[in-house]
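J.: This is what each chain is made of:
Number of protein chains: 2
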Amino acid sequence: MKFAIGIDLGGSHITAAIVDQNGRIRARKKISFSKAPNGKHGLRLITKLIKSLIHNSSFITHNCHGVGLACPGGVDSAKGIVLADSPNLIGWKGTLIKQELEKTLKIPVFIDNDANLAAWGEKCWGAGKGARNLICLTLGTGVGGGIIIDNKIYRGSHFYAGEIGHMNVDPNGPICSCGKPGHLEALVSGPAIVERYASYTLHAPRSTLNAKHIFNLARKGDRSAQLVVNRTAHYLGIAIASLINIFDPEMVVIGGGVAQAGDILFRPLRKVVKISIMKHPYRRPKIVPARLGEDAGLIGAAALALHQRL
Amino acid sequence: MKFAIGIDLGGSHITAAIVDQNGRIRARKKISFSKAPNGKHGLRLITKLIKSLIHNSSFITHNCHGVGLACPGGVDSAKGIVLADSPNLIGWKGTLIKQELEKTLKIPVFIDNDANLAAWGEKCWGAGKGARNLICLTLGTGVGGGIIIDNKIYRGSHFYAGEIGHMNVDPNGPICSCGKPGHLEALVSGPAIVERYASYTLHAPRSTLNAKHIFNLARKGDRSAQLVVNRTAHYLGIAIASLINIFDPEMVVIGGGVAQAGDILFRPLRKVVKISIMKHPYRRPKIVPARLGEDAGLIGAAALALHQRL
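Protein chains in written order, with numbering that gives the first Met the number 0: chain A, 0 to 309; chain B, 0 to 309.
No lab work stands behind these hints: they were computed from the structure.
Check before you lean on any hint, since a few could be wrong.
Since copy identity is lost for identical chains, a pair holds within one copy or between any two.
What the hints assert, rightly or not - Straight line, CA to CA, 25 Å or less: simulated BS3-like cross-link-like pairs of lysine-lysine:
#1 K1 x K128
#2 K34 x K50
#3 K92 x K278
#4 K273 x K92
#5 K28 x K1
#6 K278 x K78
#7 K1 x K50
Extracted from the complex, chain A is given alone in its bound form (with noise of 0.2 Å):
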């Protein structure tokens, strides 16, 4: 059997499995902080959990075949360098994580982003298994792109594609947190949602109130959020109904938090873009919710170890 080891690093922790050639995860763990490390801090953390896991786990003494490392933000995943700082995570721009990991710990070190990684975990062993061609995207704070071109991750000319959070979807929609207007994150994410029912409702939005409360409230019967979310899957449907229309995929795969609301988000999503897409002889592409959790990233990171292959 063989194992790698996948690592996902965001904002409030880093978290470290040992899976296996099935995508199974064999052994975890998990360092959290209130302030997230710098990278060189970071490289230090990321070695000791490492080297912590391995240690407790004696099975993958000789069959580790490296390292995968899912990372918010822009990274070269050939050089193996963070390319930009994001939001959650400052001081990491220029770190060769690539580089000193695998000086430090003498395997094959990989890094991408993390939403490619959580498409490429759901091709792997999750929802998008036997698709050659999918769009996967996570829906939660933010909104994440990852696209799955010919069995390989699509990760464009520069590093930088994927960034389907940032498709102009309405232009008169509300700012995105990127500063343009009508951006498919401004108007499908979990704070967007909960924006939307608060100014249906004429409530200020309540510090308790998210996405999964207003989802639950719509299974409930409340009217007004109902209408929140058929509006949500009104503006994700005419998204991806766009994105069948350029990518003619076989499926697109939605995962993040907003994601898990199940039935009663993909029912009137799967209508949306079933009236919306361009007509074709026979092709019938699926919507299907991602199986992974949020472990995603994780296994994604481990299965581009696996493979072996950018």
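Fit chain B to the known structure of chain A by using the hints.
T.: Below, chain B alone, put in the same frame as chain A:
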């Protein structure tokens, strides 16, 4: 010197050309008609056209590597079959173009959608030379799209990728030819530009008015025409910004009649794209006019046959 024959199949003409391995057209022949032939009749016309072209060009006799055919609408390039009729070409659905022509002509035949082949032509011998990932838009009566990924035409899982004209840009926008609101085609095609001018000036669109006139008026200082051009650049620019955020290509090539407007369109367009794309430490995606003009599809078809690889 190697040669291939490119065929451009349209609603009002069939053009055939002998193209050499440097992308130069060495001979061409065209048939025009007022009513487009159906598939069966069309194949006879194409065969006749190719035979007459070869007959008159003795230099090609032993060096013709194949025939490439650019077809409007959906085609299965692997099987060489027309998947669906298009508005200007009825009675072609199911036509076994590849099989039938290979039987008659005894040389390899390749077919693809005309917008894909325009992109391929520009990539091989036009404005897109050297780019590994690029998007090509053809702006005319409709808006066609072609996507080159990793030096290949990207066709999607069901040969329907690249329908960029049917990307949603403004859900409150005008109705598209496909019946859905706010698609790129409904906002930046020739007829859309005429319609915009008519609505800004409260003139009913005269039959003599076309996009070219409006660009000319803008160049001469007509304020209404300038506003129409800027608004068109705005919509085209936010769509291209979305495409750059999604694909991260080296280049976006813009062809078709509308794109011949030149700087009066490209200057505001580049401005909109620049302020609308995600910031990146070093990328500067180019927005460039196509170079092959109306021959892009014809030349791309020949390139497909010369490379003999789908």
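J.: Next step is simple, just say for each hint if it's right about the structure.
T.: Consistency of the hints with the structure:
1. K1 x K128: within (19 Å within a copy, 43 Å between copies)
2. K34 x K50: Within. Shortest intra-copy distance 23 Å satisfies the 25 Å Cα cut-off; inter-copy 74 Å does not.
3. K92 x K278: Classified as between; 14 Å across copies, 45 Å inside a copy.
4. K273 x K92: between (42 Å within a copy, 23 Å between copies)
5. K28 x K1: within (19 Å within a copy, 61 Å between copies)
6. K278 x K78: For K278 and K78, only the inter-copy Cα distance (20 Å) is at most 25 Å; the intra-copy one is 42 Å.
7. K1 x K50: Intra 18 Å, inter 60 Å, cutoff 25 Å: intra-copy only.
Every hint, counting from the list given before, is met by this structure.
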